[in-house]
Every structure is written in structure tokens, then in C-alpha cells.
Amino acid sequence: MRRYSVFAVAREAMRAHKGWEAQWASPEPRSAYDVIIVGAGGHGLGAAYYLAKEHGITNVAVIEKGWLGGGNTGRNTTIIRSNYLYEESMDIYEHSLKLWEGLSQDLNYNVMYSPRGVMMLSHNTHDMQSFKRHINANRLYGIDNEWLTPEQAKAFVPPLDIAKTARYPINGAALQRRGGTARHDAVAWGYARAASDRGVHIIQNCEVTGIRRGPNGDVLGVETSKGFIGAKKIGVSAAGHSSVVMEMAGVRVPLHSTPLQALVSEPLKPIFPCVVMSNTVHAYISQSDKGELVIGAGTDQYNSYSQTGGLQIITHTLDAICELFPMFRRVKMMRQWGGITDNTPDRSPIQGVTPVPGLFVNCGWGTGGFKATPGSANLFAHLIAKGEPHRLAAGLNLDRFRTGRLIDEAAAAAVAH
Amino acid sequence: MADYGADLVNRTSPLSGFHGGSSTVRLEAAPPAERISLRARAEDVAALSSALGVDLPVRPKTSASANARSALWLGPDEWLVIAEENGGLMQAAKNSGALHSATDVSHRNTAILVSGPGAAAAINAGCPQDLSLKVFPVGACSRTVFGKVEIVLLRTGDEAFRMEVWRSFSDYAFGLLAEGAQDAAV
Amino acid sequence: MLLIHCPYCEEDRSELEFRWAGEAHIARPENISAISDEEFAEYFFLRNNEKGLTYERWRHIHGCGRFFNAARDTVSDRFLMTYKAGMPKQMLPETGASEETVETYEATEGDAR
Amino acid sequence: MSTSSNSGTFRIKGAGRLTPARTARFTFDGKSYTALEGDTVASALLAHGVHLLGRSFKYHRPRGILSAGPEEPNALIDVSRDAARRQPNVRATVQEVFDGAKIASQNRWPSLKFDVGAINNLFSPFFAAGFYYKTFMWPREAWVKIYEPFIRRAAGLGVAPTEEDPDHYANRYAHCDVLVAGAGVAGLTAALSAAATGQSVFLVDEQPEVGGALHYDTATTIDGQNGYDWAQATAARLKAMPNVTVLTRTTVFGYYNHGFLGLVERVTDHVAKPGKDLPRERLWQVRAKKVVLATGSIERHMVFANNDRPGIMLASAARTFLNHHGVAVGRQVGIYTAHDSAYETAFDLKRAGVSIAAIVDCRADPGEALLAEARGLGISVLSGHSVTDTGGRLRISSMTVARNGGGDARKIAVDALIVSAGWTPSVHLFSQSRGKLRFDDVNQRFLPNIYAQDCVSVGGCNGTDDLAELIDEAIAAGGGSFALSGENRFEWTGGMIGAAEGAGPDTTVKAFVDFQHDVTAKDIRLAVREGMHSIEHIKRFTTNGMASDQGKLSNMHGLAIAAEMLDRPIPQVGLTTFRAPYTPVTYGTLVGHSRGELFDPARKTPMHALEAGEGAEFEDVGNWKRAWYYPKRGEDMLAAVNRECRTVREVAGVFNGSTLGKIEVVGPDAAQFLNLIYTNAWGSLKPGKSRYGIMTREDGFVYDDGVVGRLAEDRFHVTTTTGGAPRVLHHMEDYLQTEFPHLRVWLTSTTEQWAVIAVQGPKAREIIQPFVEGVDISNEAFPHMSVAECSVMGVPARLFRVSFTGELGYEINVPADYGPAVWKAIWERAEPMGACLYGTETMHVLRAEKGYIIVGQDTDGTVTPYDAGLGWAVSSKKPDFVGIRGLKRPDLVREGRKQLVGLLTKDPALVLEEGGQIVADPNQAKPMTMLGHVTSAYWSENCGRSIALALVAGGRARIGETLYVPLKDRTIEVEVTDMVFFDKDGGRIHG
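Line by line, the protein sequences are chains A, B, C and D.
Take the first sequence: its letters are residues 115 to 531, numbered as in my numbering.
Take the second sequence: its letters are residues 171 to 356, numbered as in my numbering.
Take the third sequence: its letters are residues 44 to 156, numbered as in my numbering.
Take the fourth sequence: its letters are residues 3 to 993, numbered as in my numbering.
Check each hint, because a few of them may be wrong.
DSS-like cross-link-like pairs, simulated, lysine-lysine; straight-line CA separation at most 27 Å [said to hold, decoys possible]: (1) Lys104(D) - Lys212(A); (2) Lys264(B) - Lys688(D); (3) Lys212(A) - Lys147(D); (4) Lys352(D) - Lys404(A); (5) Lys438(D) - Lys340(A); (6) Lys60(D) - Lys404(A); (7) Lys627(D) - Lys278(A); (8) Lys928(D) - Lys852(D); (9) Lys115(D) - Lys404(A); (10) Lys212(A) - Lys928(D); (11) Lys268(A) - Lys970(D); (12) Lys383(A) - Lys438(D); (13) Lys264(B) - Lys691(D); (14) Lys340(A) - Lys94(C); (15) Lys115(D) - Lys383(A); (16) Lys634(D) - Lys278(A); (17) Lys438(D) - Lys94(C); (18) Lys104(D) - Lys132(A); (19) Lys928(D) - Lys268(A); (20) Lys318(B) - Lys278(A); (21) Lys318(B) - Lys634(D); (22) Lys104(D) - Lys383(A); (23) Lys318(B) - Lys413(D); (24) Lys60(D) - Lys127(C); (25) Lys688(D) - Lys318(B).
It is worth saying that the hints were derived from the structure and are not from the lab.
Here the structure is a predicted model, which means the values were calculated and not measured.
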């Protein structure tokens, strides 16, 4: 693979960029692979990359129904942070954040990881208690997260309205400075390029329609729109469609898929320096390098695979954004879209073995999958290669729903008394 | 203790003194009223109707009025019965002898009267229902939403509505109605 | 914003009046205290999450207050039927299936063939 | 050429529909201009010969006006009335001029004519599509510190407003039988047809006046009249009908599920001095039974070298400026076309006295009728030729024309170049409705195919080009039946998509596909070369179609260029999704009324004003505003709380408990129902008594708690937490309606029926005694946990003997309207006795002194009743309750779960931080093993030291152990204790 560098770009500039090769190959599938990964999002492509890079398993195919990176990888608002509460969560998200920090160099692809800071606004006593619980847990775990006064928050984000007269005045904020954003498409493309370079086959426009199992129940391969493809091991990483794919192997997973919407404004000169989130008023916002304000809305209430949602979700989010940043009322929404998030009962992901030998699952990332991409992919590769989870992902198993040992991040941020 | 008789205590309506509107919409707080939330199964409706002196409607989105009492269908086993103050609704329901649940909600709700040619438009600033006379005729009633709060809406005339709202939401409802009224006049 | 037919109000109303309440026809086990951990997990956590026809519960929370059931296509979000709580799962008339399904919104997007 | 001097030297007398006498003044980049009423900023500036309006996104190339409508990618301006009313990124082709408007160009520094950023254009070979993915990676920190800030500053177009928007916005929900989007010939006819049948109709158009293409197309007659006049007359007819609503300056921006459409109506942006009552914009949220899409089509530009200079313009735009605004776009105009429609522009210009340099038609054989007309007008037509380049710096000065296939190139001087590559049907709304498109191979366009909603497309957006056919289609769509004649002069044919001659794959010229984002044909080819084979990949890699015009002009060209590179038919390459909104929509419009006090209801209790009058500070608890503490002069929060805490235990305190959730549970099976919902047993509770209850969900975790009073055999007064009231009622209704429908019981929310006045402390009885009638409240007759219906100050009341402080206490429930009077009377009596008013903070401290938990603070959804030390409240005798099975799961019964305990700091003066984490060894390496966290921590004035509650792993077995709470700046040593810090034997509550 030709390395990307400023010299390579300059050289190509002089010959009208005609020398660039395809970033990834588009091969026809082989009859069988050692490992098949279902779903060419960041998690699936990344897992294939790490299987090749760290475990020496290169006879791998990533099978994608549509175009690579076209699911939630290419639809999210690209927030990266690791300041979660429970150890299981901190383990995987911090592992991920550490990989983000060197990802561009590792992949030789600028994924534009931008640690501009993620600030979560506190509006009341309950928020403050909850945030300080997170901050203390993070600090003792070695993860940066700090408490800011309203004035410090305003200094960090000048457009913020910290007036005491606001409907929900801000009484402080939690800031993770290493948190930030990255360029979502670049993550998928960077992993695809690096995986393809190591021999991984990326098969786009190939829908998995069944999972074939042998007499002992173990996996034999997948039925697809391009015919049967054999595999000793199958890793399912299909985000909103995970339960559909798992059902093909007769495995039920506790998921429900809901629309999640987002929107961007018209491009504006830099005005918003970091990521700001508020759970109380339900909004999060950042500004892309192109200048668009990127705003995440909430999930619609019902199960759906439609990738659309209601206008009321958008308006509700903008109510909150304009309450926090009243000068944005004259800014315009340029584009809105939806993705399908796969949510678990405890809002924490599932990554682990399944009752079917050779079948592994990575799903349930809900609204938090993008930030976990490198970490999840890296640990999923370990799971598939070794047949058992890495220490850092051991708690994310399916069995927790039987035992009741949930990782309930949502409950931990419980509603006010 | 005799010092503190009932006459010393007057109802302080959450919207007392509120009025407003625009050139096409009049907004005013309704006078204090007595209200019960009445729940009963179909077989007990007749007995309750006769005890209350008003026929509890059994068709969705309809209301009935008689003897200074109005009964609003809210659900298949639920009515909001409204009377003037001290209307004796709890006792009347009790007198029916029928199986039911009556709960005094006189003070839970307050009401805003919305009238004028722009009334429906003002309410549609926050209410997603079709308020055309064809779909929401005089006498029609429904629990629904108004902006970010729940209301019960009753059409009392071609251009007149009664909006029942929980008391702590009444400031909000009145404020949104005031803006809706202003916009309806444009 | 969905438009939902409430079988009690006998009228189509805005989604704003409703609250979704999960998969329908999951009965609480009568002998719940005696079931196994697996059975409990199945009852409490596992849902079909169908892509396509799903049976689900809604509550007309800001209307008549009633819970009811609906059959909906989770790909098109089209409601095929709503019916009152307590009624058995309703089979759908055959005609519904023969309609040419319009796939997802994103199906109009490019396929990298 | 005769001109009207003050409104512009390019204004043509007698042309257009504007009234010369009605003028408006505005400034552009500080220079003052006169416009006519009805001008857009674009037409007004063109009238003065101003073509340079902006700079492009990436290369900062000079850009002018390309279109006359909302598809405009180039002419984006900043419009302001005053400092706070400033709007960036406005399309000059849509913004109507109003007197006093201040217009400024964007994305340039220091000036529009001399823009330093234009240096990017020189480096453009370096800045090919996706170049940033390949570089800026070294050294690692430089991306954040150097490259990214540089890119961010260079990108972005307009400057965001910095002041709060003083304008207001309105919202309106509406319903109709038929909504017609677009009021051109097709839309007007469909609306007329639908209206005649008596259906309720919305007719919506984005322009100030109806007419659509009739704005420029002066050669069409409808019903024997000039088309535009027919349109206005028809609109007037429709407006007069009671079943029709006509909305102009209104865009249907989104077509959502189930016939739901979002419309934005621009109410005042065109008005010089808008009335204060007027909203700036109004959001219409319309539910339509049927939708008729009559959105027409959009003309495409030609993709050729340097096709972006100011002065290069779509043919329909030039014709609009001439025929509607009376403005000539140049004096020596060239035409470059692949479609017949541009000819009519040339004819109209020529007739208006403008010199036409030549019509360059890339087609070999244009229609004979057009050629004849051109000949008649003395216009030279170069068929089989192409424009291969243009010249000029800030405006086009020449076009280079060559015969197709090479050779014969010559330069022709022009001051404007009119282009047309044909028409793209506006299928955006159809696509948003989730309809499926098909590709029309003959005419190279996507057309509606499979409908997903009750919707029909008519006219241009349906690919119906023939006027008579279009009219019939529209009449049928409306459901009516009548005859209407229509005639136009020429049948239009032609069109092309993709790169034109001279901009093919073998060239390196800058032939722009997406103007705003500076995406050229070669960028798209590069994307394909780099393996981007899906149109979505190509879009994202090049950003083609992602600018503020969302690809209205560029998508089809981009697709064709990609298809050519991929050597695949267009439908196989696909089409990017058309997402809402059709054109950008102001946040303020979407927010509507939901701002300030209407952002979210602030719930206030009946006594709120009285509390405020006593100087209360309030805190937000859910939607509620609750009195937090009552500082006296000179007191800070801690001093006030300390005083309140002391006073309650020494004398008494009065507290507003009105926000507590309340549910009336009524019916013969009420107790049975509560048995199922709570962990406690209720059958044994006698009328007149109350009990503290715990509620879990099936998972066995604490969901809510509260005191439940039994008023009668069949009537319970249930209380919930303040924040929990709605979800608890929903949870109860769920079980009642769907799991236990056989039970004869009904639930009613009574939270707001009752004002709740808690009087707590040794003197509580003495304070309330005189007010209470109908019940003996002596300690013997009315002990702790009694409840009675009685009368307080003569009003019907419910009196609870209950305590959340550990003191003798009562909670008086009176109907809410009486709350203020009763509160006032009680306070007037209590105050002289030395009592105080106290708020939620003191309530929290006092209950913590007694080890009473707050659900949601000391529990978090992962805590069982056993964990919380409330195992006594879980009945072991009941055969069933919600949570009975969940509680027995392996992890919920394991050893070592986190349990609620007390913590005492070794240094009594130190108050722990709520949320502090607890460890056994503070010196261990990170990541540390954490045992739990501090859930509540206060200074207890009554204990004379700090106190805390905490969830600690295996907590109850650790009582007596020393643990540590490492905070940011120090580590605090604590001892694990039981949870009761004050009055351990609990005697006071029975006092």
C-alpha cells in the first residue's frame, strides 16, 4: 500500500492526482474464510483490521449489506469520551480513547481525532451529585474528568448562557478535555484501507440472509445474496440490525432498535470550540471542521428500522439548544437524518460468546457506538481470535441479563427525586 | 376553634386575575368550579347518570350537560364531571349506589375560556388536534396536549372553548395561549 | 410524527398524545415466583425486535388513557391495525402482504454494485 | 436600451412586473443602492450591474448569481436589520429587498474584491478531494494545534449571530384533505380541482406570488390569458373560497410519516418595518390526508472549464430577471445550452434590446422551429459547439467556443453567459415521503415510481412536460373534473448530465459540479479512482451535494460523471438520499413558542408566591420550583440551613410538601392491587392508618417509595416521590389495565388537588391544634402513622401524622386553592412560637440525620430494598408482587452487594463530597478498586458534625471499619456506621 504523506500529496498534485490507487479492494468472495464479520461499520472493519494486525488472522471477510460505513458509523454526531461510571464501561471506553489518540498514525489515515473537550452541563443538585460521582470514579480509575464552575464553563464555551434567570440555570459542568470528535467517514475508510492492505476482503452489497450451522450446532458459514460463504467463526457487528442477524442463528438478544436523529446547520465561521451535552434539557452540540453545528437529537420512542423519525424530536432538541445558546435561533438547520440504534435494557453494549459455538456478537452500543469504535473493534478481534473475551470486555457478556449483573449507566444517572 | 371558620378561607385560583388575548381571541380564567374524576364500568353508567342528573356520554369525544353539570367523556370508563362550586358531585355519585370511583379534582384543574373567531387557531398553536367544526363540533371534548402540557379541551360554542389544565401548568398554558392568540390575529 | 388510530377513541390522533409501551402479547407468567432465571430473563428482557411486522403496545396517555395493541411494519412505520388491550393477537388480512413494500428511506441511496 | 436610472442601469423600461415608482434603499457591503419593491437582492444588484456577490467555500473563487431561486449555491449573503437581527447564509435570489436592509458579502477578507483566502485557489492542485485524510498527521499534536484550527477558520461561510434573537416565531398545527405543494400551473390547477369538490385545501408556494415558471415563461397562455395573470386570478379565486388556505412565501420543507408535513412561512423578512406582534416566521405542522406534489423542476448548469465566474447564470434565471424584475443580466450575452429552454431566454433578451453574442448549442441538431426563430431575430446559433473555457477575473469577460471534437477554438467577448443543461424534476419531497424513484433513460432523470404515502406528483416534478397533459394530470390529482386550455410556444427537448465537451476524464480543467463546495468533475473522478464506488461514498469523499443547497444543481451531474468513470448505468450507481429540509430552516422557527418561560413549564405550588415573599431561594426538582432554603438577612445557604435544622428539632418548622406525587386508589380491590404493586403487605392496614411503602419493578430494584394512607376500605391516598409521580402512575396503569384488568380499582392523579403543609417538630401539635376540627389529634388518639379526613380552618382536609424528620409531625392536605390561606394562618401562628419555614435542603439534612433514604439520590435504579436496608418492607408472606422474581436473581442475592450505610468522617468538621468514591486503600495504584460512593453528605448542626450515607460493597458487614474517600485535593478517612445519626432510639417521633 502506498503510504499517505504530505510528500505523496504534493507529488500527486503535480500529476493531477492520477496516481492514487483504490483505498480498498473490491474482491469477489472466496468460498470460505477463517473468520467472517457481518457488518462493515467501524466496529466490524476495525475488528478485521485488528484480527490481521494483532492476531495474524488475515483470511477474513467483512460482509456488508450496503456500502461500508453507511450505517451508524456514517450517521452519528462523532462524539468521543470515556468518562463513564462503571468499571466495565470505563475499561472499554478508555481503551478506546487511548487507541483514538494514535489512530491516524496507526492507520496512516487522518481520522481527525480532535480532543477539543466534551463538557456536560449540570443544571441542578441531582446533576451535580451524579457528575461528581462520575468525576471521582474517573479520577480514581485514571481517566480525566473535571468539575467546572459556571464561570469556568462559560470561559471554555463563550456562547454558553449561564444566567441565573434561565429556565434551567447552569450550576457547573463536567469536562473531559481528552474527549472530542473525529471524522466519522475517515474512521470507516481508514480501517477499510488498512484491513484491505493486510488481506482482508471487504464484500459490499452482499446481504447475509442466513447462518448455516452444522450437526453439532456450530457455525459453518453464512448464506448471502452472493451465495454461501463458509467460515469457522462468525462475528456479528451489525448495529441496529444485530438482532435480525442473530435471529438467523436462533439466538435472541435483548435489543430494541429505535430511530436516532441528528441535524447540522449551514456552515458558519468557528463559534463553538468543543462538545457540549446536557442531559437535563436533552441536547448535545459541536461544530464540525466544515463549520456546521452538529446537533444530536433524542431517540424516537418506538422500534423502527426506517431510519426516519418525527419532527417533534428535532424541535424538542432545538428548543433546548436555543435555550442554552439563544444567539443560535437565527441559525438554520440544513440537513437532518436518522440512524437505527440498537439498545440494550441496561444501555450498555453486549460483546461476547453466544450459545452457538463459533458465533460471536458485538452489539447494543445504542447511542454510544462511535466513541467505542477502536476499543470495541480491538477487543472484538481478541474475542474472535481467542474464543474468549479480553479482560477489559469480560463484563459485557450476554449472561448478565440472566444473573441480573447489569451495567446500568442509565439508571446510575437516575431521574431526579 | 371558631376563630378560623370557612368564611376566612377563600379559594386562590392559580389564574385569578388573568385575562388577555388579541383582536380575535379573548382569554379569561374560568370561575372556580367543582370537578370530579368519575370512573365506572358500562353497567353502572345508567345509575350514575341518574344520580348525577346528567347522562354520562358513552361515545368518544362527546360531552353532555344538564342541571348545571357537564360530563365529559375522557375514556371508555372515565368522565370529568364539572359543576359550579359546591355542586355536591361527590355526594351525588355516592348516592347512585353503583360501583364507581369518584375523586374530587376541583382544585387539581383550573380552566381557561378561549373565545372569538381566532380561538381555534390560538389553540392550534400548541394542540395537534383538528379543531375544525366538522371534526371537533360544539360539545366535543378530548384530553390532548397543548405544547408541553396535557389539557382537556371542550368546545362550548362555534368560537368558544374551555381548556382544563392542571393548576401548575396553567401559567404555561395561558402564556402559550396568549402567544397563539396574538398569532391568530395576524 | 406518526398518526395513530386509537381503538377506544375511534379516531386517528397525533403521536404526541401517545406513549409506546413495548412488544405486545407478552403475558406476565402466572407462576412468576417459580420460574427459572432463564425464563425470567426471557420474560423481562428478550424481545423480538422484528424488522417488518411487529405487534406492540401503545398507551393513549394524553387521550383516553387506555393501553391498546397495534400491528405495525417497522420498516415503513405503517400501522396495519390497532385493537383493544386484552384482545388476542390479530391476524392480518392477506391483502396487506401482497403490497409492494417500499424499503427504507435509505434504499433510495446508492448501492455500490 | 432605455433604462431607469435610479433603480439600476440594467433595468429595462417596460420590462418586468415591478412598479418603477415604488423603490426601496439598501446597502451592499456598505454601498447604497436603490431597488424596486418586489426585487430580490439578486435582481436589485444585477440591475446595478453587480454580479460579484460572494466567495466559494474552499478556493475562495469569486462567485456571482447562478439562479433566481432557492437552489442558489453561490450568492449567499448576510442580511441584517440591526445588530441582533442579522442572518448569515441568506440566498440573495430569495431574499426580497426591503427599505433599510443591510446586505454584506461573506467568506472574504479583507474585501469581496480582494480576498486573501483566494490564495487557496493557487494551491488547489494540492487541495484535491479528500487530501486532508492523507496528510496533517505529523507530528501527532500538530493536527489539534495547527492544522485543524487553520482549516476551521478557512471553512464555514457566514458568521453566526452573537446576540440573542429578539424576534419571535409562531407555530400552528393544521389539518387538510389535500395539500398542494407548489403553485405553478400544475399546483394551481390541482388546488382548483380539489377545492371545487369541497375538500379542505392548502396551497403552498415558496415565492411571494404564485405562478412558478410563469414568472419567466411569458409565452404561455392558460385559459386564453397570459399565464402569469391567470395564475394571480386563480389564486385570488382560491383565496376567496372558505375551504382553501393559500400560503405564499411558504416552503414545504419536510414530508414526514403518515401525511405529516413541515412548512415554514416567512412572515416579515421582506417587510421594512414589521409590526411587533408579527412573528418573523411561522412553522406550520400540517397533517394532510392527501398530498399533491407540484414542485416543478430545476434547471441545471453546464459542467465545463471555469464555469463558475460571476456573470454565468442559468437561462431560466436570466429570463426571470428580465421578465419579472425587468433587469437585463448583461449587454453582450452568450448562451451555452444543451436544451431548448435557453433559446427562449435568448429570444426574450434580444427582443428587450440585449445583444446576443451567440447561442452555443452542444447538440448537433437543435429543433428547426427554434433555429428559425433565432434566424428571424438575427441570433447566431453555433450548434455542435461547446464553450470550453471562460475568461475574466471578477466577472466573465469572454467565452471560448470550439466545435465539438476539437479545433476551431475562438474567444468571444461576453459580459454574461446563460447556461442550461436541461431540467431536473424536483422529487425531493416525494423522496422524503419514502417513495421510490425510477430512472427515465430517455430524458436522463429520476421520476416518481412507487408511492409510499397517499400522494401524487403532477407536472414538472412528475416528468410531465406537455402542458395539456400536465393540466389534465393536475385536474385528476385534485379529484375534480373540468376543462382548462393551455398553450406554450415551443415544445422543449434536450438536456444532458455530466461533464460537457472539454471537461472529460482526459482533462485537468476546473469544471465545477458543486459550486459552493468547489467540487469539480475531476474531484469526482478522483473519488472513483480511490475506490469510492457508491454514490454515498463519492458524496462524502468529495462533499458534492453537501453544501447548503444540498445538491439541487450538482447531484445529477455528479452521478453522471461517476457513472461514466465506473462504466455503469446511472441507476446502478444510485442516488443520494434527499433529506429534509428542502431548504434550510431557522432554528427559531422550529422552536416556535418554546423559549424562555414557554421552553418548559415551570411548575409552581399554590404557596409559591408566599414562599418567595419570605425570601425563599428555589431549586429545580424535575419541572417543579421548590423552596430550597429561606435565608435571613446576612445568612448564606449553610447558615440558613443550620438555623432551619436546629429550629425544626428545637421548636418546629413549616415545610411545603405539595409537589409530592399523589394518587387516589379507589375500588373494592384497591388493597389487593397495592399488594401487587408494592413489596409491602396492605391487607392488614386499617382505615385511618398509613404505612411507608416500597415499589419495585419486575427487576426487583427500588423504583419509588412513599407513604400510603388508607382512608376507607376501598380508598387509599398514595404518595410518590416528586419526580416519580407521572411514571409511577403510568406503571400502575400498565399493570392494572393489562395484567390485572379483573381488579375493580381505579387510579386518579391527585398531586395537584392537594396543597401539603408539613409541620414538624416538638411544637407541631400545638401549632396546628387550633385549626383542626373533626379529629382528636392527641398523641393517644392520633399516633404516628395515623391519617384522617377532617376539616382544617373549615375546609375539608386530609391530615397525616407522619414524619420525614424524625420529629413529631403532621402533613396537612387541603384543596390546593385553599393552600395559601391555610399556609399563611399556620405560619402566622407558628412564627411567634419560634418556628421557622424550611426548604428542601433542610428536609434533606433532617432526614439524613435519621437515615431516611431519598429514592434517586441514595438509590439509583440498581439498589434493591435489601441493599437499602429496607428488607423489612418486603413481605415474605405474599404469593406475588411486582419484583418478587427479579429479587431472587443470582446477582441480586449474592454476597458483597453494595449496601446503604452511614459514614462518619474521622475529622467531624469535614463534609464529604456527594459522589465521592470510597476505597479501602487510598494508596493503591490507578485504576483503583472502588467499594462504593457517598450518596448524601451534610453538615449536621444537630449532631454537631458532618454525616453521610453511602453505598458500600458489603457495607453492613463493614460497620466499624475505616475506609477512605480520595477527593481531588485530599483523602478523607471515614468510619462505616449504621444509618441513624440522631435520636437513635426514635423516641421523638412519637412525642
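Right, here's what the structure says about each hint:
Between lysine 104(D) and lysine 212(A), the direct Cα distance comes to roughly 50 Å. Violation of the 27 Å bound is thereby established for this hinted pair. Between lysine 264(B) and lysine 688(D) the alpha-carbon distance is near 22 Å, which keeps this suggested pair within the 27 Å criterion. Of the pairs offered as hints, the one joining lysine 212(A) and lysine 147(D) holds, with about 19 Å between alpha carbons and a cut-off of 27 Å not exceeded. With a CA separation close to 43 Å, the supplied pair lysine 352(D) and lysine 404(A) exceeds the 27 Å bound.
For the proposed pair lysine 438(D) and lysine 340(A), the alpha carbon gap of about 24 Å is at most 27 Å, so the pair holds. For the given pair, lysine 60(D) sits about 10 Å from lysine 404(A) by alpha-carbon distance, which is consistent with the 27 Å threshold. A threshold of 27 Å between alpha carbons decides the hint, and for lysine 627(D) with lysine 278(A) the separation of about 14 Å falls inside it, so the pair holds. Straight-line distance between C-alpha atoms of lysine 928(D) and lysine 852(D) comes to about 35 Å, which puts the hinted pair past the 27 Å bound.
For the given pair, lysine 115(D) sits about 23 Å from lysine 404(A) by alpha-carbon distance, which is consistent with the 27 Å threshold. For the hint pairing lysine 212(A) with lysine 928(D), the CA-to-CA distance comes to about 16 Å; that is within 27 Å, so the pair holds. Restraint check for lysine 268(A) and lysine 970(D): the C-alpha separation of about 22 Å stays at or below 27 Å, so the hint holds. Annotation: proposed proximity of lysine 383(A) to lysine 438(D) is violated, straight-line Cα distance about 37 Å (limit 27 Å).
A hinted pair counts as satisfied when its Cα atoms are at most 27 Å apart, and lysine 264(B) with lysine 691(D) qualifies at roughly 23 Å. At most 27 Å may separate the alpha-carbon atoms for a hinted pair to count; lysine 340(A) and lysine 94(C) meet this at roughly 22 Å. With a C-alpha separation of about 20 Å, the suggested pair lysine 115(D) and lysine 383(A) falls inside the 27 Å cut-off, and the hint holds. Between lysine 634(D) and lysine 278(A) the alpha-carbon distance is near 20 Å, which keeps this suggested pair within the 27 Å criterion.
In summary, the hint linking lysine 438(D) to lysine 94(C) is supported, as the alpha carbons are separated by about 19 Å, within the 27 Å threshold. Distance restraint check for lysine 104(D) and lysine 132(A): the Cα-Cα separation of roughly 46 Å exceeds the 27 Å cut-off, and the hinted pair is therefore not satisfied. Taking the CA atoms of lysine 928(D) and lysine 268(A), the gap is about 31 Å. The hint is violated against a cut of 27 Å. For the suggested pair lysine 318(B) and lysine 278(A), the alpha carbons sit about 23 Å apart, so the restraint of at most 27 Å is met.
For the given pair, lysine 318(B) sits about 36 Å from lysine 634(D) by alpha-carbon distance, which is inconsistent with the 27 Å threshold. Pair hint lysine 104(D) plus lysine 383(A) holds up; C-alpha atoms about 20 Å apart against a cutoff of 27 Å. A C-alpha spacing of about 65 Å is found between lysine 318(B) and lysine 413(D), which places the hinted pair above 27 Å, so the restraint is violated. For a cut-off of 27 Å, the pair hint linking lysine 60(D) to lysine 127(C) is broken: about 58 Å separates their Cα positions.
Note on lysine 688(D) and lysine 318(B): the hinted pairing is violated, with a Cα-Cα distance of about 40 Å set against a maximum of 27 Å.
Consistency with the previously given hints fails for numbers 1, 4, 8, 12, 18, 19, 21, 23, 24 and 25, ordered from lowest to highest.
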